[in-house]
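Which chain is which? The protein sequence lines are U and S, in order.
Heads up: the first sequence is residues 1 to 641, going by the working numbering.
Heads up: the second sequence is residues 1 to 220, going by the working numbering.
For the record, the hints were derived by calculation from the structure and aren't laboratory data.
Treat the hints with care, since some could be wrong.
[As the list claims (entries may be wrong)] Simulated crosslink set (BS3-like; lysine-lysine; CA at most 30 Å straight-line):
1) S/Lys55 with S/Lys168
2) U/Lys10 with U/Lys93
3) S/Lys133 with S/Lys219
4) S/Lys151 with U/Lys21
5) U/Lys21 with S/Lys141
6) U/Lys10 with S/Lys141
7) S/Lys168 with U/Lys10
8) S/Lys170 with S/Lys55
9) S/Lys151 with S/Lys141
10) U/Lys129 with U/Lys93
11) U/Lys21 with U/Lys10
12) S/Lys55 with S/Lys185
13) S/Lys170 with S/Lys185
14) U/Lys565 with S/Lys185
[Claimed, not checked] Negatives, chain U to chain S, calculated, CB over 10 Å:
15) Ala31
16) Glu34
17) Glu61
18) Leu105
19) Gln160
20) Ser206
21) Asp344
22) Gln448
23) His468
24) Glu473
25) Gly475
26) Gly482
27) Ala617
Where is the CB? At the ideal position from N, CA and C, for every residue including glycine.
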Amino acid sequence: MHVQSGAETKTEFFALATRLKMISAELAQAASIESTESGTPPAQFVTEQGLLDAPDVDIIESLLHPSDVVPGYELMDLLGRGGMGVVYRARQKNLDRMVAMKTVLLNRMSDPCDVARFEQEAIAVARLKHPNIVTAYDFGRHRGRLYFVMELVEGESLEQLLEQRGRPDETTAWGLVRQAAAGLAHAVAAEIVHRDVKPANLLLVSAPEGSPLPAGMPMVKLADLGVALLKGGSESDTRITMTGATVGSPYYMAPEQLDGSDVDHRADIYALGITAFRTLAGTAPFDGRTVAQVIAQKLSGQLASLRDVAPDISQESEMLVAAMMERDRSRRIQDYRTLFERIDHLPAVSRPVASAAVQFQQSAPVHGAASTVEFAFDRTAASEPAADVATQRIAARMPWRRRLAYGLVFLLLGLSVMAWICFSPWRGRSSASAVVGDVNMVPSGWGQALYDGSTLTVWSPIRGEWSHGRDAEGGKVLSGRGGVSRQLPQYAGSDDRPLRNFRISMLVDLQQAAAMELQFGLGSDPRSGMPRNVLRVARDGVVLGRRGQDQGKLTPLSDLIPFPKPDASAAANYHELCIERRANHWWVYFDDQVVGRAASDPDGELHEIRLFTEEGAALFDSIEIVELVEYKQPNVAKETP
Amino acid sequence: MKPRCPWSLGVMLLAASASSCGRSDSASGYPKRSPSGGYGSGYGAPVGRFVDDAKTNTQLDTDALALSFVSTGGTTVNLRDFRGSKNVVLVFTRGFPGFVCPNCSTQTSRLIANYDEFVQRDTEVVFVFPGDKSHLDEFLKSSKPAESYHKPVPFPIMLDQGFQAVDKLKIREDLAKPSTFILDKEGQVRFAYVGANSGDRPSIKALLSQLDAIQESAKE
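Given these sequences and hints, build the entire structure.
The following block contains the structure:
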């Protein structure tokens with residue numbers, strides 16, 4: 001292996017950061033000088049300064065040492081990155097072939113115990129072999145990473161084509177959907193459910209010569225089949241939905257995925273139905289602008305009708321898509337054989353291909369280069385923003401009765417949630433009568449800044465981006481989108497006494513975020529799902545609750561406190577969150593108001609808090625921890641413990 | 001606007017009792033939220049800081065601000081030197097209570113980010129870091145905005161290692177109470193604000209308003 005000098009590595013580090021557009025050339029130059037002068041290694045320097053987050057640094061370090069990441073493979077370039085992993089173009093040395101390699105840092109997985117299960121399932125995925133599935137070559141774990149090696153498919157995704165060029169004609173659309181269904185049918189025979197079917201995971205490449213596909217029809221390759229397993233089952237899919245970390249997925253997920261039910265292949269049929277709708281209409285069957293609205297529409301089953309949005313589509317297509325998108329899975333199309341029959345009997349598909357007006361142009365295939373696929377697009381649709389068009393069309397064509405029904409559904413959903421919160425059997429746990437016996441406490445004099453404006457390495461991103469941000473007056477604050485964890489100190493003071501009772505406080509400005517959560521008191525046993533307490537601050541209210549596992553269903557432990565109306569004249573709208581662990585309870589406050597109380601198990605809880613934001617970034621400031629000790633008032637009998 | 005805590009109005013109230021911020025405590029029967037540590041803990045509850053409508057809350061003789069400091073560069077700076085040319089915003093941070101005080105670093109980063117606004121108002125910011133200077137670099141590192149971490153702080157940093165200035169102004173606690181003073185070009189004290197806890201400091205907006213008022217009165 002080529003051994004580089006420190007200066008050479010440093011130069012390459014910043015050059016790579018610039019080439020990957022992680023930082024500007026100017027900033028890279030300044031950082032390089034500063035790093036040299038301070039004698040700090042570049043990776044440490046950029047992390048400490050908040051210029052790059054840990055995943056960015058990992059990408060650079062990986063590409064700087066391309067043969068050290070996974071034995072037998074040499075990383076060539078970065079292809080993309082997602083919420084959990086990074087995809088590289090790599091060379092498999094022994095076969096001298098180019099492959100795609102997805103790597104996931106194990107410390108970014110919420111539950112280390114799931115790794116073994118993923119490995120078992122990944123082996124099953126690797127056994128699949130089908131022309132409409134991206135072939136998995138290899139899978140393993142090395143130096144803190146999981147890696148998947150896959151066939152390198154350098155086409156565009158259906159998502160990209162829909163975004164850039166609008167919808168294809170009806171025949172082509174069903175041709176693409178049918179191929180995806182063929183891949184999924186093969187997978188379900190091996191008892192594998194994709195769980196994340198969406199246009200972004202349908203890669204389109206030129207069909208090989210001699211393919212039975214109609215001339216010019218792109219070949220579909222289903223991607224991320226194995227990697228979808230990393231999302232860890234239905235509960236985790238819900239997690240992604242609730243945090244908005246994967247923006248696209250909630251739009252395609254089946255209702256049963258959203259409510260945490262077990263998922264089978266019918267969830268993929270539902271997602272394929274949404275994909276078909278999107279492909280045929282150029283837009284999704286929702287008029288909700290937020291994930292919450294989309295979820296509400298899905299759960300209510302009130303999706304737009306295909307021909308409301310795209311009147312030129314045949315009635316038969318509309319009925320088939322509706323049957324695929326049926327909310328109740330027992331009434332949905334039940335299997336792929338039925339789906340194939342229904343597709344094959346559509347007028348747009350059953351008529352001779354030659355007369356189907358399918359026009360494809362494709363560039364001459366070049367070995368190793370991306371093949372470009374073009375097909376007949378609806379230019380009208382392409383020229384209009386899909387979401388706006390959908391909204392306008394749905395609004396314009398939806399009968400008033402249906403609009404009323406939508407409104408009622410939302411209202412009922414809201415009332416149901418309120419009723420559930422108000423009458424939950426858990427509610428009584430925060431009653432005032434339960435407080436007798438809690439000890440008054442005061443700060444001991446020891447504390448620590450959990451965010452000090454300098455060190456970001458102590459904040460471990462779970463997903464999204466976390467960096468130094470600026471508040472409305474230019475103050476340096478923690479800016480975050482997604483999720484992050486922060487270890488808490490275990491000892492206090494110069495005598496290193498165990499830190500048992502303490503207060504954590506912080507200021508939060510929701511900014512663009514729809515909601516944020518402070519999670520605390522996490523169970524330390526990963527096998528239990530790490531149940532945790534949650535202070536959830538959303539624009540519709542503030543509540544203390546408990547989740548059985550990461551982003552599982554939130555069981556309220558308190559009443560819902562109204563979220564203060566934002567001060568429109570203020571540049572920032574900060575709110576104070578405060579949690580206090582006093583002996584066997586957590587006391588939770590929002591803007592000095594008691595939210596509620598939760599049980600605490602000091603010996604069985606992780607010394608850790610987690611922050612999550614939904615649908616945007618929020619600002620966090622003055623995050624501090626203070627040790628609390630029992631308050632002993634002179635000459636006054638203290639409360640009976 | 002950040003939420004304000006009722007007790008931030010008086011440190012005496014805080015120091016004298018174990019009262020809390022909780023508004024609903026007594027009525028509901030909930031236990032009181034543990035009181036802030038005020039300055040003593042170094043990390044008092046952050047509510048109440050960066051006050052937009054900060055008003056002078058302490059009486060000072062002009063003589064009390066006849067101060068001189070040694071800058072980090074070793075030069076002696078006398079506040080009288082600014083008379084006739086610049087207004088002065090004199091900012092005392094708390095010092096180093098064993099870690100970087102978040103309120104101090106946020107305030108400092110805001111002063112750095114808005115320094116041009118002060119310059120436009122013929123104003124110099126004089127920033128005082130009381131106590132042991134060995135942690136000054138660490139403090140400034142935490143306070144500089146990420147995009148200008150390699151640049152020097154634009155305003156002079158003064159040391160008060162023996163707390164002489166802090167004691168003269170009677171703003172001593174375990175370290176210093178966060179305090180802000182504005183002197184006009186004639187050396188008159190126009191604004192004096194001593195924070196009731198670590199987080200109780202005037203916002204940038206409050207300081208600029210004070211300076212605008214000074215400029216307006218000078219025109220009259």
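To see whether the hints hold, each was checked on the structure:
1. Of the pairs offered as hints, the one joining S/Lys55 and S/Lys168 holds, with about 22 Å between alpha carbons and a cut-off of 30 Å not exceeded.
2. Of the pairs offered as hints, the one joining U/Lys10 and U/Lys93 holds, with about 27 Å between alpha carbons and a cut-off of 30 Å not exceeded.
3. The hinted pair formed by S/Lys133 and S/Lys219 fails the criterion: a straight-line CA distance of about 41 Å is larger than 30 Å.
4. Restraint check for S/Lys151 and U/Lys21: the C-alpha separation of about 23 Å stays at or below 30 Å, so the hint holds.
5. A C-alpha spacing of about 25 Å is found between U/Lys21 and S/Lys141, which places the hinted pair at or below 30 Å, so the restraint holds.
6. Only pairs whose Cα atoms come within 30 Å are accepted, and U/Lys10 paired with S/Lys141 is accepted, the gap being roughly 22 Å.
7. Of the supplied pair hints, the one linking S/Lys168 and U/Lys10 is violated, its CA atoms being roughly 50 Å apart against a limit of 30 Å.
8. Proposed proximity of S/Lys170 and S/Lys55 is supported: the alpha carbons are some 19 Å apart, at most 30 Å.
9. With a CA separation close to 11 Å, the supplied pair S/Lys151 and S/Lys141 stays within the 30 Å bound.
10. About 22 Å separates the Cα atoms of U/Lys129 and U/Lys93, which keeps this hinted pair within 30 Å; it holds.
11. Between U/Lys21 and U/Lys10, the direct Cα distance comes to roughly 17 Å. Compliance with the 30 Å bound is thereby established for this hinted pair.
12. A threshold of 30 Å between alpha carbons decides the hint, and for S/Lys55 with S/Lys185 the separation of about 20 Å falls inside it, so the pair holds.
13. In summary, the hint linking S/Lys170 to S/Lys185 is supported, as the alpha carbons are separated by about 24 Å, within the 30 Å threshold.
14. Proposed proximity of U/Lys565 and S/Lys185 is contradicted: the alpha carbons are some 42 Å apart, above 30 Å.
15. Distance to chain S contradicts U/Ala31 as a non-interface residue, since its nearest Cβ pair spans about 7 Å, not more than 10 Å.
16. Chain S draws U/Glu34 into its interface by the beta-carbon criterion, the shortest separation being 5 Å against a cut-off of 10 Å.
17. With a minimum CB-CB distance of about 21 Å to chain S, U/Glu61 clears the 10 Å threshold, and the non-interface call stands.
18. With a least CB separation of 24 Å from chain S, U/Leu105 remains clear of the 10 Å interface cut-off, as annotated.
19. Distance check on U/Gln160: its Cβ is at least 33 Å (rounded) from any Cβ of chain S, clearing the 10 Å threshold; non-interface status holds.
20. The non-interface label for U/Ser206 is consistent with chain S: the shortest C-beta to C-beta separation is roughly 45 Å, beyond 10 Å.
21. Listed as a non-interface residue, U/Asp344 keeps its Cβ farther than 10 Å from every Cβ of chain S; the least gap is roughly 58 Å.
22. With a least CB separation of 6 Å from chain S, U/Gln448 falls inside the 10 Å interface cut-off, contrary to its annotation.
23. The Cβ of U/His468 sits about 4 Å from the closest Cβ of chain S, inside the 10 Å cut-off, so the non-interface label is violated.
24. Taking the minimum C-beta to C-beta distance to chain S, about 5 Å, the non-interface status of U/Glu473 is violated against the 10 Å cut.
25. Distance to chain S contradicts U/Gly475 as a non-interface residue, since its nearest Cβ pair spans about 4 Å, not more than 10 Å.
26. Here U/Gly482 stays apart from chain S, with its beta-carbon at least about 19 Å from theirs, past the 10 Å limit.
27. At roughly 15 Å, the least C-beta separation between U/Ala617 and chain S is larger than 10 Å, which holds for a residue marked as non-interface.
Figure legend: structure checked against the earlier numbered hints; hints not met, in rising order: 3, 7, 14, 15, 16, 22, 23, 24 and 25.
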